[in-house]
Amino acid sequence: MKISTKGRYGLTIMIELAKKYGDRPISLRSIARANNLSEHYLEQLVTPLRNAGLVKSIRGAYGGYVLAEHPAKITAGDILRVLEGPMTPVEELEEEEPAKRELWIRIRDAVEEVLDSTTLEDLAKYSDRDEGAYMFYI
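When you line the sequence shown up against the working numbering, it's residues 9 to 146, in that order.
Just so you know, these hints were derived from the structure itself, not from any lab. Don't be surprised by glycine CBs; every beta carbon is placed ideally from N, CA and C. Don't take every hint at face value.
As the list claims (entries may be wrong) - Keeping only pairs whose Cα atoms sit at most 16 Å apart, straight-line, the calculated EDC-like set for lysine to aspartate or glutamate is:
1) 64 - 31
2) 133 - 51
3) 10 - 24
4) 10 - 31
5) 28 - 129
Said to hold, decoys possible - FRET-style restraints, in silico, Cβ to Cβ:
6) 52 - 103: 47 to 53 Å
7) 118 - 30: 31 to 37 Å
8) 113 - 35: 37 to 43 Å
9) 49 - 115: 18 to 24 Å
10) 94 - 41: 15 to 21 Å
11) 77 - 134: 39 to 45 Å
12) 11 - 69: 20 to 26 Å
13) 30 - 93: 28 to 34 Å
14) 16 - 103: 15 to 21 Å
15) 51 - 110: 15 to 21 Å
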C-alpha cells in the first residue's frame, strides 16, 4: 500500500485548515503558497473532500475553505479513504492462501487503527511543535 500525492496533499490541506479552525476561511492559494504546491492540483483534491462533508466552501471576497467539523472529529483515515479509496495492502485477498491472507488482513487492520486513531487535531498540534526541540548541538 502506498499513499499517493493525492492523499499526502489532501492531508496537507486538511492540516492547514485544522491549524486555522475557528478563524476566517483559508484560500487554497494561501495553502499552495505556504507549502509550495500547485493551487490547481489542490482545487482538484478539495472537491471530493467537500463532497464527503469534510470541508465547507465559503464564497465571497474573504471566502475560502473551513473544516466541516472540529479537527478532533476528523481522522486521517476519513481523509485518506475519500482520496485514496479503501486501505488494502493486497488487491485480491480471496485468492491468497490462508496464512498470507491472515497476514494481509492484520496489516490492513493495523494501518486502519493508526489512521482512525490519528485526528486532524493531533496532526495540527504536531506540526506546531517547536522544531528546535530535537536539535542536538555538538
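Results of checking the hints against the structure:
no.	hint	result
1	64 - 31	holds, 13 Å
2	133 - 51	violated, 25 Å
3	10 - 24	violated, 23 Å
4	10 - 31	violated, 33 Å
5	28 - 129	holds, 11 Å
6	52 - 103: 47 to 53 Å	violated, 34 Å
7	118 - 30: 31 to 37 Å	holds, 33 Å
8	113 - 35: 37 to 43 Å	holds, 42 Å
9	49 - 115: 18 to 24 Å	violated, 30 Å
10	94 - 41: 15 to 21 Å	violated, 33 Å
11	77 - 134: 39 to 45 Å	violated, 19 Å
12	11 - 69: 20 to 26 Å	violated, 35 Å
13	30 - 93: 28 to 34 Å	holds, 31 Å
14	16 - 103: 15 to 21 Å	violated, 30 Å
15	51 - 110: 15 to 21 Å	violated, 42 Å
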